[in-house]
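Protein sequence lines correspond, in order, to chains P and E. End of the first sequence sits at 111 in my numbering; the numbers just go up one at a time, nothing left out. End of the second sequence sits at 114 in my numbering; the numbers just go up one at a time, nothing left out.
It is worth saying that the hints were derived from the structure and are not from the lab. A virtual CB, placed ideally from N, CA and C, is assigned to each residue, including glycine. Among the hints, a few may not be true.
As the list claims (entries may be wrong) - Under the rule of at most 25 Å between Cα atoms (straight-line distance), these lysine-lysine pairs were calculated in the DSS-like manner:
#, chain 1, residue 1, chain 2, residue 2
1, P, LYS67, P, LYS37
2, P, LYS57, P, LYS67
3, P, LYS41, P, LYS57
4, P, LYS41, E, LYS9
5, P, LYS41, P, LYS3
6, P, LYS37, E, LYS9
7, P, LYS3, P, LYS37
8, E, LYS9, P, LYS40
9, P, LYS68, P, LYS3
10, E, LYS57, E, LYS9
11, E, LYS57, P, LYS3
12, P, LYS57, P, LYS68
Claimed, not checked - Each pair of labels, with its calculated beta carbon distance range:
#, chain 1, residue 1, chain 2, residue 2, range
13, E, ASP26, P, LYS40, 22 to 32 Å
14, P, GLY16, E, SER67, 43 to 53 Å
15, P, ALA78, E, THR86, 37 to 47 Å
16, P, THR44, E, PRO61, 20 to 30 Å
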Amino acid sequence: EDKVVQSPLSLVVHEGDTVTLNCSYEVTNFRSLLWYKQEKKAPTFLFMLTSSGIEKKSGRLSSILDKKELFSILNITATQTGDSAVYLCAVSSGSARQLTFGSGTQLTVLP
Amino acid sequence: NAGVTQTPKFQVLKTGQSMTLQCAQDMNHNSMYWYRQDPGMGLRLIYYSASEGTTDKGEVPNGYNVSRLNKREFSLRLESAAPSQTSVYFCASSPGQGSTDTQYFGPGTRLTVL
Chain P
1 EDKVVQSPLS LVVHEGDTVT LNCSYEVTNF RSLLWYKQEK KAPTFLFMLT
51 SSGIEKKSGR LSSILDKKEL FSILNITATQ TGDSAVYLCA VSSGSARQLT
101 FGSGTQLTVL P
Chain E
1 NAGVTQTPKF QVLKTGQSMT LQCAQDMNHN SMYWYRQDPG MGLRLIYYSA
51 SEGTTDKGEV PNGYNVSRLN KREFSLRLES AAPSQTSVYF CASSPGQGST
101 DTQYFGPGTR LTVL
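Construct all of the structure, not just a fragment, from the sequences and the given hints.
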């Protein structure tokens, strides 16, 4: 059975801090790993990673995948209150590209 | 473009009632998915449709049925609702081909079964 585990479950930081969110996985027929941000409503896409060691970057957010050790990290630098959300990690597998989600990390950024 | 739309946004049912959740996408995507999200459980796949005319069970299909009406629309039906089906339901779509596995989500339906 495919499995995706995120840590920590929740995190409280102050504005300006840097955070690292973790995602480990065990899936058969791995295709890619995706990060989503969820603020109250629908998850919104952040990154998709398919190759080991190549960092994806968007502003203050960055992510990297290690396919040998089966994990990914999402870094957020200089956090802002608008970064408060649940961050979801998902792994795509199978010919139909089903996503298996982790339970998410609840990030709270205090002013 | 509207992306992925879902109706209704909220619904309250009594145990044993039936209802259909509607989902439509205007991105010409091949694949569509239904998830439920419960506190502390992340998103769990109920059913998916890799292409028009096909449907398959996901992780938690019991108590649900789906119909891929055409390329745009994918509906989820609860035949006899139970309190355990109280959840937030998300529909998603993806191109289903090429190099991207990215799924795009609708706004969700909050369902309460009393």
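Do the hints match the structure? See the list:
{"no.": "1", "hint": "P:LYS67 <-> P:LYS37", "result": "holds, 22 Å"}
{"no.": "2", "hint": "P:LYS57 <-> P:LYS67", "result": "holds, 18 Å"}
{"no.": "3", "hint": "P:LYS41 <-> P:LYS57", "result": "holds, 24 Å"}
{"no.": "4", "hint": "P:LYS41 <-> E:LYS9", "result": "holds, 11 Å"}
{"no.": "5", "hint": "P:LYS41 <-> P:LYS3", "result": "holds, 24 Å"}
{"no.": "6", "hint": "P:LYS37 <-> E:LYS9", "result": "holds, 20 Å"}
{"no.": "7", "hint": "P:LYS3 <-> P:LYS37", "result": "holds, 19 Å"}
{"no.": "8", "hint": "E:LYS9 <-> P:LYS40", "result": "holds, 13 Å"}
{"no.": "9", "hint": "P:LYS68 <-> P:LYS3", "result": "holds, 16 Å"}
{"no.": "10", "hint": "E:LYS57 <-> E:LYS9", "result": "holds, 24 Å"}
{"no.": "11", "hint": "E:LYS57 <-> P:LYS3", "result": "holds, 17 Å"}
{"no.": "12", "hint": "P:LYS57 <-> P:LYS68", "result": "holds, 21 Å"}
{"no.": "13", "hint": "E:ASP26 <-> P:LYS40: 22 to 32 Å", "result": "holds, 24 Å"}
{"no.": "14", "hint": "P:GLY16 <-> E:SER67: 43 to 53 Å", "result": "holds, 50 Å"}
{"no.": "15", "hint": "P:ALA78 <-> E:THR86: 37 to 47 Å", "result": "holds, 39 Å"}
{"no.": "16", "hint": "P:THR44 <-> E:PRO61: 20 to 30 Å", "result": "holds, 26 Å"}
Violated hints: none; the structure is consistent with every hint.
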